[in-house]
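J.: Sequence:
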Amino acid sequence: MLNFQKNLTKPFFMVLSLPATAMGFALSVQIAALSWILNTKFGFNLEEIGYVWLAGPAAGILGQVIIGLVSDNVWFWGGRRRPFILIGGIIASIMLLALPNIGVISEALGLEEVIGVAIAVALSLDLAINISFNPTRSVIADVTPKGAVRTKGYTWMQTISGFFGVVAYLIGAFISNYTLIYLGAILVFLFSVIPTLFITEPKNLTPEDEIIDTDQSKQKTNLPEFLKVCVAHAFTWIGVQTMFIYTFSFIKENIMGFGTTEQLTEAQNDEVGFITGVSFAILNTVGFLLPALVLEPITKKIGRVKTHMLCIATMAIGYLLIILFGNSSATLFILMAVVGIGWAAVVSLPFAIMSETVDQSRMGWYMGLFNLSVVLPQLVASGLGGFIDTAEDKSMIFIISAISLGISAVLWLLVKENKNNIQHS
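Quick note, the sequence shown lines up with residues 1 to 425 if you use full-length UniProt numbering.
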């Protein structure tokens, strides 16, 4: 074990964050480019785009749970999580390269319809992300003591991952989505492979692992609290994924005044991509700045659960404001910053909250189950494509998001706070 890991230094937390950053970057590329390419290059409508997006969550339902269980109980290539981080990262890189070449692949296979190839590529990319997604987060819990240090690990993860997410959207907005895809393939490969050379995983995981403080040892799984967290998080992701998949349609119709399937000039398509990219860049800028700089200090005063609930409620309000005032790119950009407050919490706090409700020796298994609260809502959001496509006003996208986040905020009120995480002044 290297000294920077023994001493839990900032460089260690930075390196520890890179595998999750790789998967986050791959997701950012997918969010920025997949719907855009399918609509502008191949003329897919929202229902067809929804079918393509269904592929990933379908793979994740079994993939994350199985990988989580397996990674708790295997050891090869010098690690428990390392093999899955490497395999997923390499496959994800290859699938990113395939993304802009769906038409070429379809022609090479002699297929007239590209939707089958689009689904296969999306399925393979999401399967790769799902293989690595769970281990990149489980490894943080494996090598950090629970409490403030583990929260620090997850907030560093979101800070670095969020920064690169912003970079991804800005590349797509100001250069091109095609440049983003090819750079993404390189970055995902490097960030998946290099960190595994420097992080040493504990070979044995037990509920009384040495890195756990003695007053917090002998932790058993609190199943009711675990399920509360999962259900509350699931409603968050119905709204979030609906935003990610269909926002381009809101921009195309409500802001630019075109039909979703209307064929536009290259310059007009680029403008749709620009507004989409800048919107999500702003969302992720707030998302990566707030966890370490703002949310972590607040959690020490009022606790993680209450902090998270307030952020989710703010996100719901942000969606309502988009419905009322988001009829121009300028107001959409401003309101995406409000939504970003919730996004900052979504991608940092729930992992830390969940990790303290379960048996540490089965972290991968429970992390896989927990991630079902992400992939199952993604299935729901993907299935909404036909309904949203028939809606005359694409504000329906953010109505769905606002309702989902409002329900989530109420459900987070039912989750109990770990009092050990609150510092009393």
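Hints were generated in silico from the structure; no laboratory data involved. Quick caveat, the model's predicted, so the values are computed rather than measured. C-beta atoms are modelled at their ideal positions from N, C-alpha and C, and glycine is treated no differently. Fair warning: there could be bad hints in the mix.
Said to hold, decoys possible - Below 25 angstroms or equal to it, Euclidean Cα-Cα: the simulated PhoX-like pairs (lysine-lysine) are: (1) 6 - 203; (2) 10 - 416; (3) 301 - 203; (4) 10 - 152; (5) 300 - 203; (6) 306 - 228; (7) 10 - 220.
Stated by the list, open to error - Just the calculated beta-carbon pair ranges, DEER-fashion: (8) 41 - 14: 34 to 44 angstroms; (9) 261 - 359: 41 to 51 angstroms; (10) 414 - 76: 17 to 27 angstroms; (11) 359 - 149: 47 to 57 angstroms; (12) 220 - 293: 44 to 54 angstroms.
J.: None of the hints should be skipped; say for each whether it holds.
T.: Status of each hint after checking the structure:
1. 6 - 203: 15 angstroms, holds
2. 10 - 416: Violated: residue 10 and residue 416 sit about 30 angstroms apart, past 25 angstroms.
3. 301 - 203: 35 angstroms, violated
4. 10 - 152: Given pair residue 10, residue 152 holds - Cα atoms ~10 angstroms apart, limit 25 angstroms.
5. 300 - 203: Since the Cα atoms of residue 300 and residue 203 sit roughly 31 angstroms apart, the hinted pair is violated (cutoff 25 angstroms).
6. 306 - 228: OK: residue 306 and residue 228 at ~14 angstroms, within 25 angstroms.
7. 10 - 220: Between residue 10 and residue 220 the Cα gap is close to 30 angstroms, so the pair fails against 25 angstroms, i.e. violated.
8. 41 - 14: 34 to 44 angstroms: 37 angstroms, holds
9. 261 - 359: 41 to 51 angstroms: Once the Cβ atoms are compared, 50 angstroms apart, the range 41 to 51 angstroms for residue 359 and residue 261 holds.
10. 414 - 76: 17 to 27 angstroms: The hint (17 to 27 angstroms, Cβ to Cβ) is violated, given that residue 414 and residue 76 are roughly 41 angstroms apart.
11. 359 - 149: 47 to 57 angstroms: 19 angstroms, violated
12. 220 - 293: 44 to 54 angstroms: At roughly 34 angstroms between Cβ atoms, residue 293 and residue 220 fall outside 44 to 54 angstroms, so the hint is violated.
The structure does not agree with the numbered hints 2, 3, 5, 7, 10, 11, 12 stated previously, though it agrees with the rest.
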